[in-house]
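Trainee: Position chain B against the provided structure of chain A, taking the given hints into account.
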Amino acid sequence: MSALISPPGPGRAGHVVQRLLRSRLAAALATPHGVDRYLERFNPMWAAHEVRARVVSVHHETPDAGGNAPVATLTLQPTSTWRGHRAGQHVLVGVELPGSAKRHTRAFSISSAASAPGEQFTLTIRAHDEGQVSSYLVREAQPGTLLHLSQAQGEFTLVESPATPTISRLLFITGGSGITPAMSMLRTLLRDGYDGHAGRRVTFLHFARSPEDQIFATELAEIAAADNGVDVHLRHGDQLFSEFELRRLVPDYRDTDTWLCGPPGLVELVKAAYDDGEPNPRLRMEFFKPAVARAAQPGEQVEGEIAFTRSGATVAASGASLLEQAEEIGLQPEFGCRMGICFSCTRTKTAGTVRNILTGEESSLPDEEIRICVTAAAGDCHIDL
Amino acid sequence: MSIDTTAAPADEKYHGLTAEEIERLGTELDALRQRVIADLGEADAAYLRKVVKTQRSMEVAGRALFYLPVIGWLPAVACLSVSKILDNMEIGHNVMHGQYDFLGDPAFNSRMFDWDTVCPGEQWKYSHNYIHHTFTNIVGKDRDVGYGILRMDPEQKWHPYYLGNPLYAFLLMTFFEWGVALHDLEVENIVSGQRKLADNKPLYPGLLRKIRRQALKDYVLFPALTGPLFPLTFAGNVAANLVRNVWAFNIIFCGHFPAGVASFSEEETENETRGHWYLRQMLGSANIKGSRLLHLMSGNLSHQIEHHLFPDLPARRYPELAVEVQEICERYGLPYNTGRLHQQLWSVFKKICRYSLPGGEARVAPVRGPDAVTDDSLAA
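Heads up: the sequence lines are chains A and B, in that order. Residues in the first sequence are numbered from 1 upward in steps of one, following full-length UniProt numbering. Residues in the second sequence are numbered from 1 upward in steps of one, following full-length UniProt numbering.
Isolated chain A, as found in the complex (with noise of 0.2 Å):
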């Protein structure tokens, strides 16, 4: 596809072309738009600051999915500025849809294990139905498809080297795709050359909806083979968690460091099992974006709460404008025309339903900018003010 799917990359030539472009001299020529602007014009794929990869193969991990949505495993090849991931990260993924100008960025789990400054990662990303994304990446990116990527983030991570003593024992918990950022951790330790015969044990369990359900199987069926002191349990359909079960697996749990990411449901339950009355710090959570309450039909009573997340304050919908609704409580949001030419008082809006009342138009996306002089709720909504 590309000509270039390699950067100005590693070698020599390549450092000094990188450290040129990086440089407050390529700064100061490049003012006010910076270096990127003018080298994208030449090559997508050369940048100083910015972060863009090239998808480089798309593995269909699923092909028997039946009903489910499918999942898919991209290969990338960032451009030289990406600076690696520790294991259990996320990165931001913008695509430009076809058919659509508007560029939609949302946030995927690394699949791969840690990677260093430049070098290929994959993502392993499930089609749900609502996310244009999610679809577009597994059904329609191909190799040579233009990613705009963020660095890696996250605290979500392996926190300790496979080498540190102080870790007797691991546990990952998993359900649906939140076996991902866990199965960059887990391929992590396998290729730094984890030993679990030093006694120290790794124990994954993960639940997913059908046999034909589960993503990596092929692989997990070979790690658990293997005699490696990691022990897979894979658990599908009815079979929910239990902490009885848990106990079982792994009996001092509870002082155990544990990973833990899946759907709402599984956190709960997993929460119940661990926190005795505060929250234990052993358990380490990723969550995935909280559901947020449906929208009023147009014209219907509003119902939902505003948290305004940064102030940490919340008010009950009204229908009047977010900035009147945050006035309210004493919030003092900078503002400008009070009538949505300005943009002064553009804010983001990370999840939930808003309206705008101009035009009546709803919106559920999620970190959406609003101006909130002229956008009221339409159902429970976050914002960052």
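The set of hints was computed from the structure by calculation and includes no laboratory data. Glycine included, each C-beta is placed from N, C-alpha and C at the ideal position. Warning: the hint list may mix true and false statements.
[Unchecked claim] Partial pick of chain A residues on the chain B-facing surface, computed with a CB cut under 8 Å:
(1) Ala28
(2) Leu29
(3) Thr31
(4) Pro32
(5) Tyr38
(6) Arg103
(7) Arg106
(8) Phe108
(9) Glu328
(10) Gln332
(11) Gly336
(12) Phe343
(13) Thr359
(14) Ser363
(15) Ile370
[Said to hold, decoys possible] The calculated lysine to any residue pairs, modelled on SDA-like cross-linking and capped at a C-alpha distance of 25 Å, are:
(16) B/Lys217 to A/Leu147
(17) B/Lys50 to A/Pro44
(18) B/Lys217 to A/Leu29
(19) B/Lys196 to B/Glu186
(20) B/Lys196 to A/Gly34
(21) B/Lys53 to A/Glu219
(22) A/Lys102 to B/Glu186
(23) A/Lys102 to B/Gly41
(24) B/Lys53 to A/Pro32
(25) B/Lys289 to A/Leu147
(26) B/Lys217 to B/Arg33
(27) A/Lys102 to B/Arg33
(28) B/Lys217 to A/Gly34
(29) B/Lys141 to B/Ala198
(30) B/Lys53 to B/Leu197
(31) B/Lys217 to A/Ala30
(32) B/Lys141 to A/Gly11
(33) B/Lys141 to B/Ser57
(34) B/Lys50 to A/Ala27
(35) B/Lys141 to B/Pro106
(36) B/Lys196 to A/Ala101
(37) B/Lys50 to A/Met339
(38) B/Lys217 to A/Gly118
(39) B/Lys53 to A/Met339
(40) A/Lys102 to B/Leu203
Mentor: Below, chain B without anything else, positioned relative to chain A:
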């Protein structure tokens, strides 16, 4: 022609439109706006990316041509001037209005973009997007009426200082980017005591940083990179900035200052509805007729009327909107102020000279109906 500086009654100001008519006008314009929003998409994105590509190519070409001694100089200045004009007008002004925020591309996001002038985009957005576009042509509130330097309206009280009107206008034209940069310091309000010097303190770091970066780039680094050609490159960069200054000044002055453009008082605009706001935008702006090249190079501010009605719609949509806005104006008996560039410039020039002297025509708009005053009295 009477010299009457008292506010005209609201119905005259609004061309005899009743409150219901004004609301209907607002509804029609809202519908027009909605139709364009629903249609925004790949064509708008492709257009912007094409303009940006042209601008960046021009810039790179301009910087490179300075290495060709003598014969390269004029083409270099031309390329760099075009680059700066495109950057400031069709790209910068419009992107910073939020016209392309819908793309979700950080490179074209109004909160992140900055333009190739000494004025920090962050400060300009406050005085322009908020103050100027919300309080358009309200004397005493819209600081773009004369920019705190010139007397452009009879409502502005005359003072011997204004004898220098034509000179100040010439200086503002020559140093336009600096004028725009210093505009946010509201010097005139500090002189009049409405603003404290300390209020400007938070603005200095951003302003100085931007000036330092722009000056370093254009007047030190790029000239130095051409080695012995330093003086030529330096002069070329000064020339390109000057060309941009003159062009931008002229386009912008044609937007609100030709004869016939209405201004408003704070009393008149109290308790304004959305319909009134639309009407004020229409009466307070003027267009320039011309070729597609003129529209491109003016950042489509040649469609100032449409820009003021729909400041956050991509400017490339203004020509198509203009057809319908004109039709609406005709139907409501409203003036649609437009003319060729030289006509509008001449009109502005006369105004700059006229208001250097005391007085000036009354701001009475023609009333619709049998005994209506004709448009000629305004165009005089």
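Trainee: Is the hinted pair lysine 53 of chain B and proline 32 of chain A satisfied, with a Cα-Cα distance of at most 25 Å?
Mentor: holds, 16 Å
Trainee: Check the hint pairing lysine 102 of chain A with leucine 203 of chain B against an upper bound of 25 Å on the C-alpha distance.
Mentor: violated, 34 Å
Trainee: Going straight from one Cα to the other, do lysine 196 of chain B and glutamate 186 of chain B come out at no more than 25 Å?
Mentor: holds, 10 Å
Trainee: Tell me if the straight-line CA distance from lysine 217 of chain B to leucine 147 of chain A falls inside 25 Å.
Mentor: Between lysine 217 of chain B and leucine 147 of chain A the Cα gap is close to 32 Å, so the pair fails against 25 Å, i.e. violated.
Trainee: Does the alpha-carbon distance linking lysine 196 of chain B and glycine 34 of chain A stay inside the 25 Å limit?
Mentor: violated, 35 Å
Trainee: Identify whether the interface hint at arginine 106 of chain A stands, where standing means a beta carbon of chain B within less than 8 Å of its own.
Mentor: With Cβ-Cβ at 12 Å, over 8 Å, it is violated.
Trainee: Does the interface hint hold: is alanine 28 of chain A within less than 8 Å of chain B, judged Cβ to Cβ?
Mentor: Status holds, d = 6 Å.
Trainee: Against chain B, is proline 32 of chain A within 8 Å by beta-carbon distance?
Mentor: With Cβ-Cβ at 4 Å, under 8 Å, it holds.
Trainee: Using 8 Å as the Cβ threshold, decide whether glycine 336 of chain A counts as touching chain B.
Mentor: holds, 3 Å
Trainee: With a cut-off of 25 Å on the C-alpha distance, tell me whether lysine 217 of chain B and arginine 33 of chain B pass.
Mentor: This hinted pair is violated, its Cα atoms lying about 40 Å apart.
Trainee: With a cut-off of 8 Å on the beta carbons, see whether glutamine 332 of chain A makes it to chain B.
Mentor: violated, 16 Å
Trainee: CA of lysine 102 of chain A to CA of glycine 41 of chain B, is that 25 Å or under?
Mentor: holds, 8 Å
Comparing the model with each numbered hint stated earlier shows that hints 7, 8, 9, 10, 14, 15, 16, 20, 21, 22, 25, 26, 30, 32, 33, 35, 36, 37, 38, 39 and 40 do not hold.
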